[in-house]
Amino acid sequence: MKFKDGIKEKSIIIKCGADTFLPFSLVFALYVILTAPVGGGFQGGVLGAAAVLLLYLGYGYDVTKKSINPEILRINEACATTIYALLGFAGLIFGANFCRNVFYANGWLTGFVHDGTIGLMDYAVGYNVMTGVGFLLILMLGFLAPVEEAKKAEKKEDEQ
Amino acid sequence: MKRVLTLLALGVILVTGIYAANYAFNNIPDAYDGHLDVVALEEDPTNYDVTGADGVADIIIAQNLERTGAENNVAAVVFDFRGFDTLGESFILITSVVGSFVILSKVKNEKKEEDAA
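In order, the protein sequences belong to chains A and B.
FYI, the numbering for the first sequence is 1 to 160, going by our numbering.
FYI, the numbering for the second sequence is 1 to 117, going by our numbering.
Each hint should be verified, as a subset may be incorrect.
Unchecked claim - Where chain A lies over chain B, by a calculated footprint (3+ residues, C-beta under 8 Å): (1) 66-76; (2) 89-96.
Claimed, not checked - Here are some chain A residues pointing at chain B (derived, C-beta under 10 Å): (3) Phe-42; (4) Arg-74; (5) Ala-85; (6) Cys-99.
By construction, these hints were calculated from the structure, which means they are not laboratory data.
Built from N, CA and C at the ideal position, the CB exists for glycine as well.
Generate the whole structure from the sequences, applying the supplied hints.
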């Protein structure tokens, strides 16, 4: 694998660990989110956001920012909150109060989501948490990155 | 002006607090289904009849299916009975994202300006 100048090469053990565990962690996060009626949206979202940390540990900040675009994550998070609110309003529109479970026994969508709209709301929460926490992590790692660059520069000056 | 407003707000809080305490003292609150006697439970917990689940737990366990139609009680509590709570959680998340985005990007820009200067 080629690296450009200025990107620090990490230890091969950490890199191999990140390569090995990243797909498994993502699959596990999706599994936790998709068992929706048990209510694992928040936990699965945080598990999925941990993939950002694995990438950072293995390859550093520059590769992380290249492979995951933080702007897209920010937009997706707003979308997810909106989806949750709209699903809550679905209860209001179809004759009950806000956040009421609807579409559970009407025959429509029942094969797909057998628990009504609360399953879809759980997916929305998982989406929301995954994108939001991932964006926060990238932002904070980016706040750390200039410090590392400054340390590198100091080391180079010392060597010279 | 500031002091007057602060005193006014504190006074409103005090008056409503006194009213609420008086109301709670005179009308002892019942549970949702009316079975739970809070005073009897607190005075003598050992003799109180606890064979059936009381209060909100009773509602959720016995009437969950007919009220919400959800198969899972936990999901019904989190997304139906307390849907507003979960909505607030996601708003907390989006607020923290926007707030840290504003603050951290400002710090970064200041650092870049310092480096340039």
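Next item on the list: Could you tell me which of the hints above the structure violates, numbers in ascending order?
Entry: none
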